[in-house]
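Protein chains: 2
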Amino acid sequence: MRLQIIHMSLLTIGTVAFDTIETPYGKVERVIGGACTYISWSASYFTNKIHLVSVVGDDFPEEELKAMENRGVDLAGLEIKKGEKSFFWSGRYHNNMNSRDTLVTDLNVLADFHPVVPEKARSAKYIMLGNLTPAIQGMVLDQLDGTQKLIVLDTMNFWMDVALEELKKVISRVHVLTINDEEARQLSGEHSLVKAARVILEMGPKILIVKKGEHGALLFQGEEIFYAPALPLAEVFDPTGAGDTFAGGFIGYLASTDDLSAQNIKKAIVVGSAMASFCVEDFSLNRLKTLSPAEINERIQKFKDLVHFEM
Amino acid sequence: MRLQIIHMSLLTIGTVAFDTIETPYGKVERVIGGACTYISWSASYFTNKIHLVSVVGDDFPEEELKAMENRGVDLAGLEIKKGEKSFFWSGRYHNNMNSRDTLVTDLNVLADFHPVVPEKARSAKYIMLGNLTPAIQGMVLDQLDGTQKLIVLDTMNFWMDVALEELKKVISRVHVLTINDEEARQLSGEHSLVKAARVILEMGPKILIVKKGEHGALLFQGEEIFYAPALPLAEVFDPTGAGDTFAGGFIGYLASTDDLSAQNIKKAIVVGSAMASFCVEDFSLNRLKTLSPAEINERIQKFKDLVHFEM
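Read top to bottom, the protein sequences are chains A and B.
Mapping the first sequence onto my numbering, position 158 (from 1) lands on 179, and the numbers just tick up by one.
Mapping the second sequence onto my numbering, position 61 (from 1) lands on 82, and the numbers just tick up by one.
It should be emphasised that the hints constitute simulated quantities derived from the structure, not laboratory data.
Worth double-checking, as some hints may not be accurate.
If several chains are the same, the list does not tell them apart, and a pair holds so long as it fits within one copy or across any two.
[To be verified] Below 30 Å or equal to it, Euclidean Cα-Cα: the simulated DSBU-like pairs (lysine-lysine) are:
# : residue 1 : residue 2
1 : Lys146    : Lys102
2 : Lys216    : Lys233
3 : Lys87     : Lys48
4 : Lys170    : Lys87
5 : Lys216    : Lys310
6 : Lys102    : Lys233
7 : Lys323    : Lys288
Pulled out of the complex, with its shape left as it was, chain A reads as follows (with noise of 0.2 Å):
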C-alpha cells in the first residue's frame, strides 16, 4: 500500500472560444480564448483532475484541445458540433486598460448549449461556474450529486442588466460569488463594499470575493475582510481573461489543498491574483501555457513581500 495526494477533482464550466482583441500594444485575431479556457489552464498548475463542460463548434484545433489533455483537463464534457462555428467574441480596449468596447459578440454553439456533465463528473467536489447565461450555470448545478464542497460562481453586469431573477436563483445556491465593484454596488444598491458585501451575503453565499482590477481584490467571509493587493504591473499587455485566470489559480489551489479553512481561503486568493498577474503580460494564454512552478511561487512571494511590514 502506497499514500498518495488525492487531489479533489474540479469541474469548471463556462465558454471556449475564440477571441480578436486590440490593446494599445497591439492587435490578435482569432486567438484562443473563452473563460472556461483560461480557469482550466490556471487550475491545471495546482491540480491534473479537471472536468470541462462547455461547447465548441468543429473550427476549435485540436491542438489546442490535445494541450488541455496534456495539462490533465478531461475532455469529456466538451459537445463538439459539427457544422457549426465556436462562439466568437472581439473586443478593443482602451488606453487605460481599465474599460472596453465590446464590438463583436457571435454567440454561433452557444445560441442553444445545454449543458451535459458527465456521470464521473456529477461528484466532483469544488465547482467553477465560469461566467454564463445563469439559466445553464443552474443547470449544472441540477446534474451534481450534492456531495460537493465548493461551489463557485462567476457572473457580470450584463445578467444583472437581463436576466436578475434568474441570477439570484442561482447565487442562492453557491457558496462563493466573484464579481467586480461594480457589479458588487450594483447587484446590491450599495456604494460601500462593505456594506455591499453584507447585503450580498445574504442572498446565499458564505464569501463574496470583490475584483478591483490594478487595485487587487477584497475578500469578505462573515464580519472578516481581507486585501489581496494587485501586482503594480509596468505594463499590462492584455487583461482579457484575468479575471478566469483569478477565479481559475483560486479555485485549482483549494482543489489541490482541500483546505476551506478562512486562512486558506486568503492563500488562495493570493494565488488567484498571482496567476492573474501572469495572464496580462501577453495575449490569449501565451503567457499561461509557458509557466514553471518555480515562477509561481516566485510571484507569490512578491505579493507577500509587497504588503509586509513590522510593527
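Given the coordinates of chain A, work out where chain B should sit on it, guided by the hints.
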C-alpha cells in the same frame, strides 16, 4: 543624568482655513479646515515638537489656536492679519465620494502670503510642505538651515496645470513627493504607475507615495514597491483632509522615531493610512480631536490583519 526620548522637531506649512462642505451625509458651514491644520493635528499624536507656518485673518477662532498649542504645536510662525479674512473653501462631494466640485475658493489672506519661518524652526529636521503655490513652498525651503533629514512635499493637479516649471523646481529639492494616481500620471505622462514612478523619481525625490483613496497607497523607494491598503469602511462621512491627515501621520511618526530605514518608511505609510481612516469618519477635524493612542494602535493592527496571510 536621565535618558530622554528626543523627538525630532517637525515644521509644517500649508493652509489654515474655513471649509463649507456638502456630502451625501449632510452639510457643515464654515468649519475648521486647511491642509496645515489636518497635518498638525494628525502629527500631534506622535510628536509634540511641531512648528506651524501659515497665515489666517483675525476671524479665525482663538480657541482653535489654543487647542493646537495644547497639542504641542508652536504657532510662532502663524501670521494673523488684522482686518483680513482667513482662506475659505467650499465643495460638494458626489455620491461616490471619489469626486467633488469646488464651489468657492476665497484666497483672502492667502493672496499675499510670504511665509516667514521663525529662527528656532529653521533647523527643524522634518519638514512637511502641505499643498500650496509651489513658489511659496520654495520660499520656505530657502529659509531652512540645510540640516534637514526629511522634506516631504504634497501638491495637486492644479499646480501641474498652471505652474508646472515652478512645481518641478521645488520637487527637485525634496526627498518625498505625495500625490494621487491621476496626478502621478499627469506629472509623468505615463499611465502605468510603475513607469510613472520611474519618471518622477528621476525628478529628484528618493521616494514617491501615490495616494489612491479607497484603494490605498503605493510607496516607491528605489526599485522597491510597497502597497498599503485602505481600510474598507461602511461609511465615508467626509473625505476632506484625508490626504493631509495621511501626510501628518506619516511624517509625525517618522519625526518621533527618527528612523528613515526602508522598513520604517513602510510603517509610516501604514500609520498615515490609519490616521486617514479616522479622518473620514466625521466632518472637519471632529474625529482627529478625540483619538486615543489605544484607538490608533488598534486601527494599525486592523491594517496589519487586513493583508496578513501565511504561505
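Taking the hints in turn, this is what the structure says about them:
1. Lys146 x Lys102: Within. Shortest intra-copy distance 28 Å satisfies the 30 Å Cα cut-off; inter-copy 74 Å does not.
2. Lys216 x Lys233: This pair counts as both: shortest intra-copy Cα distance 16 Å, inter-copy 20 Å.
3. Lys87 x Lys48: Only inside one copy: Lys87 and Lys48 sit 26 Å apart there, 64 Å across copies, limit 30 Å.
4. Lys170 x Lys87: Close inside one copy (29 Å), not across copies (62 Å); limit 30 Å.
5. Lys216 x Lys310: between (39 Å within a copy, 27 Å between copies)
6. Lys102 x Lys233: Intra 36 Å, inter 48 Å, cutoff 30 Å: neither.
7. Lys323 x Lys288: Both ways: Lys323 and Lys288 sit 13 Å apart in one copy and 18 Å across, limit 30 Å.
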